[in-house]
Every structure is written in C-alpha cells, then in structure tokens.
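*Asks:* Knowing the structure of chain A, use the given hints to seat chain B on it.
Chains as they are written, first to last, in this note's numbering: chain A, 6 to 454; chain B, 6 to 454.
It is worth saying that the hints were derived from the structure and are not from the lab. There's no promise every hint is true.
Pairs involving identical chains hold if they fit within one copy or between any two copies, as the list cannot separate such chains.
The calculated EDC-like cross-link candidates involving lysine to aspartate or glutamate, where the alpha carbons are at most 20 Å apart (straight line), are [stated by the list, open to error]:
#: 1; residue 1: K231; residue 2: D257
#: 2; residue 1: K260; residue 2: E235
#: 3; residue 1: K358; residue 2: E48
#: 4; residue 1: K186; residue 2: D76
#: 5; residue 1: K260; residue 2: D223
#: 6; residue 1: K124; residue 2: D98
#: 7; residue 1: K114; residue 2: D98
#: 8; residue 1: K231; residue 2: E47
#: 9; residue 1: K260; residue 2: D276
#: 10; residue 1: K151; residue 2: D195
#: 11; residue 1: K260; residue 2: D76
#: 12; residue 1: K231; residue 2: D104
#: 13; residue 1: K449; residue 2: D351
#: 14; residue 1: K231; residue 2: D351
#: 15; residue 1: K362; residue 2: E138
#: 16; residue 1: K231; residue 2: D214
#: 17; residue 1: K265; residue 2: D223
#: 18; residue 1: K186; residue 2: E132
#: 19; residue 1: K163; residue 2: D195
#: 20; residue 1: K124; residue 2: D76
#: 21; residue 1: K124; residue 2: E154
#: 22; residue 1: K260; residue 2: D207
#: 23; residue 1: K231; residue 2: E35
#: 24; residue 1: K362; residue 2: D76
Read off the chains here:
Protein chains: 2
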Amino acid sequence: MAIEITRELLKGLQSCVANQKDKEILETFESVHHADIAEVLEELTFEEALYIIRLLDSETTSEVLMDIDEDTRERVLGELSAKEIAEEIDELDTDDAADVIAELPEERKQEVIQEIEDKEHAKEIVELLRYDEHSAGGLMAKELVKVNENWNVMSCVKEMRQQAEEVTRVHSIYVVDNDGKLKGRLSLKDLLMASTRSKIADVYIPNVDYVYVHDAADEVANIMRKYDLEAIPVVDELGVLVGRITIDDIVDVIKEEADKDYQLAAGITQDVEADDSILQLTRARLPWLFLGLIGGISAASIMGFFDEALSKNAILFMFTPLIAAMAGNVGVQSSAIIVQGLANDDVKGSVGKRLLKEMSLAAVNGAILAILLFFFVLVSESDINMAIAISVSLFAVIVVAGLIGTFIPLFLHKRGIDPAIATGPFITTSNDIFGILIYFSIAKLIIGF
Amino acid sequence: MAIEITRELLKGLQSCVANQKDKEILETFESVHHADIAEVLEELTFEEALYIIRLLDSETTSEVLMDIDEDTRERVLGELSAKEIAEEIDELDTDDAADVIAELPEERKQEVIQEIEDKEHAKEIVELLRYDEHSAGGLMAKELVKVNENWNVMSCVKEMRQQAEEVTRVHSIYVVDNDGKLKGRLSLKDLLMASTRSKIADVYIPNVDYVYVHDAADEVANIMRKYDLEAIPVVDELGVLVGRITIDDIVDVIKEEADKDYQLAAGITQDVEADDSILQLTRARLPWLFLGLIGGISAASIMGFFDEALSKNAILFMFTPLIAAMAGNVGVQSSAIIVQGLANDDVKGSVGKRLLKEMSLAAVNGAILAILLFFFVLVSESDINMAIAISVSLFAVIVVAGLIGTFIPLFLHKRGIDPAIATGPFITTSNDIFGILIYFSIAKLIIGF
Chain A
6 MAIEITRELL KGLQSCVANQ KDKEILETFE SVHHADIAEV LEELTFEEAL YIIRLLDSET
66 TSEVLMDIDE DTRERVLGEL SAKEIAEEID ELDTDDAADV IAELPEERKQ EVIQEIEDKE
126 HAKEIVELLR YDEHSAGGLM AKELVKVNEN WNVMSCVKEM RQQAEEVTRV HSIYVVDNDG
186 KLKGRLSLKD LLMASTRSKI ADVYIPNVDY VYVHDAADEV ANIMRKYDLE AIPVVDELGV
246 LVGRITIDDI VDVIKEEADK DYQLAAGITQ DVEADDSILQ LTRARLPWLF LGLIGGISAA
306 SIMGFFDEAL SKNAILFMFT PLIAAMAGNV GVQSSAIIVQ GLANDDVKGS VGKRLLKEMS
366 LAAVNGAILA ILLFFFVLVS ESDINMAIAI SVSLFAVIVV AGLIGTFIPL FLHKRGIDPA
426 IATGPFITTS NDIFGILIYF SIAKLIIGF
Chain B
6 MAIEITRELL KGLQSCVANQ KDKEILETFE SVHHADIAEV LEELTFEEAL YIIRLLDSET
66 TSEVLMDIDE DTRERVLGEL SAKEIAEEID ELDTDDAADV IAELPEERKQ EVIQEIEDKE
126 HAKEIVELLR YDEHSAGGLM AKELVKVNEN WNVMSCVKEM RQQAEEVTRV HSIYVVDNDG
186 KLKGRLSLKD LLMASTRSKI ADVYIPNVDY VYVHDAADEV ANIMRKYDLE AIPVVDELGV
246 LVGRITIDDI VDVIKEEADK DYQLAAGITQ DVEADDSILQ LTRARLPWLF LGLIGGISAA
306 SIMGFFDEAL SKNAILFMFT PLIAAMAGNV GVQSSAIIVQ GLANDDVKGS VGKRLLKEMS
366 LAAVNGAILA ILLFFFVLVS ESDINMAIAI SVSLFAVIVV AGLIGTFIPL FLHKRGIDPA
426 IATGPFITTS NDIFGILIYF SIAKLIIGF
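Only chain A is shown next, with the shape it has when bound in the complex (with noise of 0.2 Å):
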C-alpha cells in the first residue's frame, strides 16, 4: 500500500515519537511497502528515524535499511549493535545482507559475522564478501532453486517447494549434475505442464545463459538486456552454479552506470545527490573547476604570446570566447556520441575509420557554421580579411575539437580506463587551450601580425 508523505503524517508521527506512542506508530506503517517506509523516514530527523526504526520488526526493517539513503543507513547502522545488525542480516536474502556488511568498518563484520544465527546464511555471505561489488560475484544471491538432473518431476516438485520457501521470487529451476555443475534450466510452467514421472533429464533445457562470476557487473548488465533475462545463473570457473543474479539487481546497475556518466558528462567526479551535504557536493565538483581553472589560465597565456595583434587586431580578442564554446560544444558532442556507443557495446571497426567519418561531419558542421560566421563578421566589422581568419580558423577548430572528442575516448577505453570521463570538463578544457591555438596561430598567418 502505497503511503502519501503529508506534513500532518509527518507532524503525527513526531510527536508519537516524542511521546513514545509505539502503538500509534506501528498502525501508521502496518501494510506499507518498505520502500516508502524508507522514503517517510528520510523525511524525519536521525533521531526520528532510529527510533522508528528500532520499533519495526527486523523484517521490516532489513528491508527499510536496504532502501534507505546511503549515508542514513550508515549512520543508523553505526548506533545498532552487533547483534541487531545480525537479526537484520538474517532477514535479508545473501545479496542484500553481504551489500550491508561489505559497508561496515572492518572490525564490525567480524563482530556482526559472528552474530549471526544461521550458520549456513552466514556462510554464503562470508563468500559473497570475496567478490569485487562490480562484479557478477558481488550482484549474485546465493538463493535460487536447483534439482538434479537424475530425479524426476515428482521428487523435484516436493524438493523444490522446501528450496521455494527460501527464494522470495522463482525465476527459473536450475539443473545440475552430480559434481554441481550447471546443466541447463526447467521453467515453472515446463514443469507444470510436465507428467510427474518424467526425468528431468529428459525435460529440461539444456541451452541456458549464464556468466562467470568474476565478469564486469555492466557486462552481465549488456547480456540480460541484450537477452530479455529476468535471472541469469553465475558459475565459478569449473562451471558450477554458484549464485544467480535477477533482473531488479540490474536495473540498478544500469541506472547508477548512467547516473554516474551523465554526472562525470557533467564534470562531477563522485556520486552525489542533490540533497547531499555542501562538503561532499564541493569535494565532487571543485576537482574539475580546478582543472577548469588551469585551462582557463593556460589558454590566457597562449594569448599573452599573441599581445602583439592586440593593438590593431582588438576584434580577434572579441571572439576568443565563440571559438573557445564553439571547440567546447562540438567536442563533448564527438565524445558524447562514442562514450555512449562503447557503453552499450555498438562501437565498431576501427579507430581509423571512426576519425575519418567525425572529420566528414565536423566539416560539414564546421562548413555551414564558418560560412554564417564569415557574413556576420563582414557585415558587421567591414574588413574581409579578418572575416576570413575569424571564420578559416572556427572551421579548423570544429574539426580538431571533433577529433580530440573522438579520439580521447577511444583511447582511454584501448587502455581500459572507464571512457566516460572524457566527455565534459576535460573534453572542454582541453578543447578550449587547443582551440585559441590554433584561432591565433591561423589568425597571424592570414592577417599576419
């Protein structure tokens, strides 16, 4: 049930807090979803909220804490003991809990580890936290339903609904040999249309996907949607089914991966939000102001060596700023269109050919562009030589801007570094210096000074 955050709900239920109407409270969230549980809580004090927090049952509130901002969860964690962070733990499915514990201080899993009831659970996590957290490993739940090849329908069917009570949702029945090793996949309906006698051996179907534990977390992302999975099974490297990643996992991968590149897109170098502290939303943006900075100060000096044309040349000054925005814009436009192709696994044939078809359309850009440029320039300044060199060198920019923007991306993804930092301030700094260059260096040489 869905609940609507008014300021009477919100006024009501601080002063339950404040008068310790545990009743009151408990009747407010009964039936809520978790997920707007999380949300009205946000909304309160920290105080409020652990309050709140620590009054809901632990299936409730593992869940809440799942949904919750990051920093709030941390904070709240931190007041929790070992031991109610472990009754937490032990409500959550593997993926979730070991999420949880991998964010606790190091001596804190160890206490929380310990604490927890369910041996075997505890287990599975402990192997989960091996796992790097972008990778298939670190997305993957240990829950899933798996029968034998060698039983039949019967036995798998009475198996299964011990194994179901387990797995929140059933995707897909996984078949495995006598060693683990992942056979193939029966599906709920197979089997409800399947005699009971029948072998599994001989129902299931022996052409399932699957990824490797250590693949890219974006990869397994890339194959799902490409796919159209809801479940995908994750073996180790002797083809044993060790986990299974479901499709709400990667939702979020997918959205936190195009989160991050829109915000480095915009030269925001950690993941912030807009309700984040003015500390941590500086710490994410001053780096690439700084570069900004450096640019801007780089690019003043090129023009220092150009002092000379000032005296008799004062509108080539005029236009620094439109050929600086003009090399910014059509750099993180090539760098924007690669970045993304690379993100979605459609960029290719080779880098050559890539230059070669952004050259052809920063030249047809750049031509129409420099010939508007070149009529206002004569129109307005009446001196056809400076409208030349004003509107030659724009052309020239457009085209080294759009190499720049579609070179810096290929290459930095050849040497494995993640391309999405290209498009944006760096792209656009480094655009600029290039860009007054090459305005003045075309300049002199046409008017020359």
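*Replies:* Quick look at chain B alone, frame taken from chain A:
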C-alpha cells in the same frame, strides 16, 4: 547459443547468400538467439540481410526484427508485403506487434492489420495502438494470466495451463472479479503450495500495485524500480484489468531515458547512434552548435562595449575564456544535479531553499578558486587592482552561474518542460554571455576605464 561475429563468419554468409545456399544459412543460425542474429545481420549489406530474413521462419524473423536497428527494420518492412508483415506480427506478443505496426506508414497499417489471421490478436493490437507510446498503455501487453476470484485452485490451474501457452513468461496470476476488475494477485509459488480445493478468493493477495493505462512511462519505471517489481498490471479508469507491463520493457525505458538525457546534456537533440549517417548526426548536432554561435556573437558584442579598456587593460581580455569556461562548467554541474534529482523524483522542498543551498555551495567553490586566481594574477602581472578585479569577478560569475544552473531546470520542470534540455549547451551558452557581462562590469567598477 551465442555466436561470435568473425570476419570468416561474415564472409561465409555473404558467399552463401550470393550462391543461394539456403540450407547452409539456416544451419548457421540454428538455435542462435535472435538478438545475436540481429547483430550478424547488421554487419551485412541491406540486400544480404533481407535475403536471410526472408529465409528464416517467421517466428525467428519477428523476434530478429524487434532486435534490429530501427532504421534497418523500417527498410526491411518497406520491402515486405502486407501479408508477410502480418505473418511476423502473428508471432509477436501484442506489445511488440503494436510497436512494429505503429512504425508503418498510415496506409500500410490498415493493410497489415487486415491480413492478421488471428482476429483476437488483431483486435488487441488495434486497442494498444490507441495509446501514446510513452504511456503505460503504450508499454503494456495484452498477454497475461488472469483468474476469477470465484474459482477454486483446481479449475484455476486448468484454465491457467491454457492461458499460459500464450504467455511467454508467467510472472503473476492476476485475480479479477466478474466485471473484470483487478482484485489482487497470486504468485505461481503460492499456487504451487495451495491445496487444490481452496477457493481463489481465500488464497489471493489483495494488496497489489498497479498503474493506470494513461500513466507516463517514466512514472511506471520509477514505481517498478522503487518496489522491485518484475511485472505490474495495468487497469483502465474503471479499474478493469487491461494489460500488464514486464520489467524487460521497463529496462528499455530506463536505458532510453538515461541515454536521451545524456545526449541532451552533450548538446545532441535527437536520438542518434555512433553508426547513424552523417546527415542524421548533423541534424542532431547542428541546432545546439548554432545556438553556441549566436551565444559567441553576443559575447563578442558585449566585449565590444568595453573596448575602451583594451588599450590599457589588455590582460582583462586574456582572461575572458577562463571566465566563460568557469561559468559554463559551474552551470552544467548545478543543472546536472537538479535534472538528475528531478528524474529520480527526489528533489523535494522549496525552490528558494534549493537556490540558497546552491548559492552557498557556489560561494564555497567560488571563494577557493577566486583566491587561487588572485594570487596567480598578482604574481604574474604584479597588478593588485587587476588581480582583485579578475578574482572578484570570477567569484561573482560562479555564484550567478550556479544560480542560473539551478533555477532554469526547476523552472522548466514547473512549466512541464523536460528539464534535461537545460543541461549542456543551453546553460553553457547563457552562462557564457552572463559571465562575460558580469566580468567586464565588475572590472570596470574596480579598475575604472
């Protein structure tokens, strides 16, 4: 089964097509996933791809067509007869079928719909065509499994087996009353666990999330992501169950939204890919570049007003690219955070508070950068007035740029315009102009020219 796209594979296929070795072609693609076939076809010429598409059975072709690039699909459909298209359509789920038909020219739509053999299917497709493609109705499929609350589990299973044959993936079984109104849901797991004599009314889960047929696609995506849903039922204004949306369609919505916002931030106005034609790419990129040109010309005109400063204070002009770049960078950073917050629906509180926060943030960043620049100019130019003028201007420009970057997206959002257009060239250009205006005005006040 995945297939690796090698030069040999493509060469082999091309020679098969040239020599009409149909059997070999079919063998190559046997049990290859349609998404992989689509990738292979995109590496061939259009004529080769068309030849192979005509060869494959209509079940495969229909899925391949859904995975292939939109432009290629349009061309392929242009080559097929209405009857051929109808055969493909017959194999597709209603949502995909409606998407394909929606892309056809108006007069062909009619022809194709009339050729569809399964009249029930045709009727459902026609119904789906009524909805806006960015609404819940435009995303939903008519294929779903529903049972009446008055049945018992036994008859329910029997009915379900029949319905399930038409539904690729059963997520939930929806429970409706005699009027077809959505009452709740049953999970396959629950059904598996329930006694066969129970009445559905006694075992179903009454609390079920749903969306209305006219809800916007991105709202549906936010709901499904928030509540981790894998499918959501869609109801009409009367509460009658009319379809369901599955997570794989939502994954595409999320990805497309993110890609679009990223491109807008980079100054690309239409949905393009790295592999599109130069004409398409030019059309998508030129508008913002044109805006940048206008901006640059305006900046040049503003500088023209201050040209009396040029002879004595040339150094001021050297720093205009720095000021413009910083104004642009800060504006893009601020707007990106707001745009992302709005998209994720977590920008709350008043506009005034937002602007105040952004002002403090910009003031912190601005002060740090201004102090750095002050010392640089002081040391390199030994002119304290100039150093004060340039650094004070930088501070002012950063604060104003931050405010503009925050205000414009919020304003657009309030007016019902997608704020994503505000990140990127729009903000950069307006901040360039304001930045230069502020810069010279403050400099004039301090230095006096």
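*Asks:* All the hints need checking, so say for each whether the structure fits it.
*Replies:* Verification of the hints:
{"no.": "1", "hint": "K231 / D257", "in the structure": "both (16 Å within a copy, 10 Å between copies)"}
{"no.": "2", "hint": "K260 / E235", "in the structure": "both (16 Å within a copy, 16 Å between copies)"}
{"no.": "3", "hint": "K358 / E48", "in the structure": "between (53 Å within a copy, 15 Å between copies)"}
{"no.": "4", "hint": "K186 / D76", "in the structure": "neither (40 Å within a copy, 42 Å between copies)"}
{"no.": "5", "hint": "K260 / D223", "in the structure": "both (11 Å within a copy, 13 Å between copies)"}
{"no.": "6", "hint": "K124 / D98", "in the structure": "within (14 Å within a copy, 45 Å between copies)"}
{"no.": "7", "hint": "K114 / D98", "in the structure": "within (17 Å within a copy, 48 Å between copies)"}
{"no.": "8", "hint": "K231 / E47", "in the structure": "between (36 Å within a copy, 15 Å between copies)"}
{"no.": "9", "hint": "K260 / D276", "in the structure": "both (12 Å within a copy, 18 Å between copies)"}
{"no.": "10", "hint": "K151 / D195", "in the structure": "both (15 Å within a copy, 18 Å between copies)"}
{"no.": "11", "hint": "K260 / D76", "in the structure": "within (19 Å within a copy, 26 Å between copies)"}
{"no.": "12", "hint": "K231 / D104", "in the structure": "between (26 Å within a copy, 18 Å between copies)"}
{"no.": "13", "hint": "K449 / D351", "in the structure": "neither (42 Å within a copy, 52 Å between copies)"}
{"no.": "14", "hint": "K231 / D351", "in the structure": "within (12 Å within a copy, 29 Å between copies)"}
{"no.": "15", "hint": "K362 / E138", "in the structure": "neither (38 Å within a copy, 33 Å between copies)"}
{"no.": "16", "hint": "K231 / D214", "in the structure": "within (11 Å within a copy, 27 Å between copies)"}
{"no.": "17", "hint": "K265 / D223", "in the structure": "both (13 Å within a copy, 19 Å between copies)"}
{"no.": "18", "hint": "K186 / E132", "in the structure": "within (18 Å within a copy, 47 Å between copies)"}
{"no.": "19", "hint": "K163 / D195", "in the structure": "both (16 Å within a copy, 14 Å between copies)"}
{"no.": "20", "hint": "K124 / D76", "in the structure": "neither (29 Å within a copy, 55 Å between copies)"}
{"no.": "21", "hint": "K124 / E154", "in the structure": "neither (28 Å within a copy, 42 Å between copies)"}
{"no.": "22", "hint": "K260 / D207", "in the structure": "neither (40 Å within a copy, 39 Å between copies)"}
{"no.": "23", "hint": "K231 / E35", "in the structure": "between (39 Å within a copy, 18 Å between copies)"}
{"no.": "24", "hint": "K362 / D76", "in the structure": "between (46 Å within a copy, 19 Å between copies)"}
Checked against the numbered hints listed earlier, the structure breaks hints 4, 13, 15, 20, 21, 22; every other hint is satisfied.
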